[in-house]
Amino acid sequence: MSPVVLIRGVAGCWSPVGSRRSPQLPNSPLPNLVSSFVDTFVDFSVTGIFLPNPPSPPFSKTSYPSHDRLIAVGDLHGDLLKSKQALRLAGLIDSQDRWSGGSSTLVQVGDVLDRGGQELKILYFLEKLKRQAVKVGGNVITMNGNHEIMNIDRNFFCVHPSGLDEFQNWAGWFSTGNNMKQLCDGLQKPKDLYDGIPSTFPGIKQQYMNGFRARIAALRPQGPIATRFLSKNLTVLVVGESVFVHGGILPEHVDYGLERINEDVRDWITGSRETVSSDLVRTRNSLLWLRKFSNETAEDCDCSLLEHALSTIPGARRMIMGHTIQRGGINGACNNRAIRIDVGMSQGCINGLPEVLEISEDSGLRILTSNPSDHQNRHDLLIPEQHGPREVEVQA
Amino acid sequence: MGQDQSKAVDSPADPKTEESSSPSAHNSPPSMESLLAEATAFGNEDANASLEAKAQKALECPCIQNLRSGPCGSQFSAAFLCFLKSTAEEKGSDCVQPFVALQSCIQTNPNAFPKEVLENDEAETQEKPSEDYKIIPPRWAVEPTTSPKTKL
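Chains H and G supply the protein sequences, listed in that same order.
For the first sequence, the positions run 1249 to 1644 when the working numbering is used.
For the second sequence, the positions run 3 to 154 when the working numbering is used.
One or more of the hints may lead you astray.
Covered stretches of chain H (chain G as the covering partner; in silico rule of three or more C-beta atoms under 8 Å from a C-beta of chain G) [said to hold, decoys possible]:
#	segment
1	1282-1288
2	1291-1303
3	1453-1462
4	1487-1495
5	1539-1551
The hints are simulated quantities; they were obtained by calculation from the structure and are not laboratory data.
Heads up, the beta-carbon is just placed ideally off N, CA and C, and yes, glycines get one too.
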């Protein structure tokens, strides 16, 4: 039962004089407000999250000076609950899930995607924290893991069924949002979400077809989720003496140029570049797949290669990596020049105890570990010392 | 139920001020009737009247009349109105109720906001994606008659 609407004329509509159907100026406020409303409504419907007002913070830089306090978190793989536990453990979020880290820096070293069903919720959550942190001098830097690139490449080998559900739900709301925008004169007609995507794939169970189509639409280069979130990821990062990368860096990667690497990957995701070199992000010795410095048996790590790589990055004294699950928790190899922070915390991995690495001016390197009594089944992985911070163990 | 004509503002609204936050005493999303009542009651507060009037005016704009019609038109109007008036740091976060109402309506009426089929769209859908367009599926999604190791 809508109210009687009188078309009063143009003064109240902030649009130029003309007939009802005349085109409005592109910067006329109302269509932009409609667009903004639709985006907010879709975001809320998909994740329950309202993002702090735009703009999204600017692209992260490749290198930063060393910071008062930095927290590094490993692979999250679609487990929102464990992700929040890790962040809360580090004092970065409060009980209301708001940024409480002040001017701290958070670095997440990739692999948000795959193996779990809350991938989008994590992406949105990290974006929310990014916007909140920036307002109080903090910083949240997200990075690409191999699983981000796999998904952009339509390699869905490690997708969890609940992951398909989340994306299918997203696609439904996003499409509705597009339809709503289409119905508003003055807004550019959104492109069809599924443009160019086949309606079916041979050999796939019919019930999953829509889920895969949704995932492709979202994550392919120029896809809405790829553009909004993944294009903001760094692939390599230097903060002070610490180098961050998902898998590992070799001298040839440094030769190529760290900033160039970040630009190449970003440009590929946003569609400015057709391709990105597989040596950077897909091959066994690429930045995102390397395990040479992550062997759980520390003696098997190629420490001289690590030293060589570090020596080519000015000021670098250690490399901090995710990607390879460390069943004993965060640890260091090669005289703590390689710090391995993937603890497999996702339920889709080994449901590992949440741990984070803290790097601070006051206390140097510390591992912050969660209260063992919360994980009744994990006695075999308890660190015998104390709860709370412990010095990084040298295993090499 | 008609719009309150006497609230007309003669001068064109300034786009810059329309986004500025003004103090809002309302926490719960108002109904249309209460909006009118409040607009009248707070007629003395210029800032509120301005926000109210602008919000009401926004609803009259031709560009959203399509959105305001159909089975979810009133839910859209309520949600959009609330959003317009929201001064929260996360704009719209104080509009959960009308947002949820709109969600429910859309779920009940999947065609509430139908896609406009334009001539251009039809031309685009004629183009078939290249046969090289493949995905690598997870094992659990593969039809049993096909070898799971086949890259499709």
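Each hint, compared with the structure:
| no. | hint | result |
| --- | --- | --- |
| 1 | 1282-1288 | holds (count 4) |
| 2 | 1291-1303 | holds (count 6) |
| 3 | 1453-1462 | holds (count 3) |
| 4 | 1487-1495 | violated (count 0) |
| 5 | 1539-1551 | violated (count 0) |
Hint compliance for this structure: hints 4, 5 are broken, all remaining hints hold.
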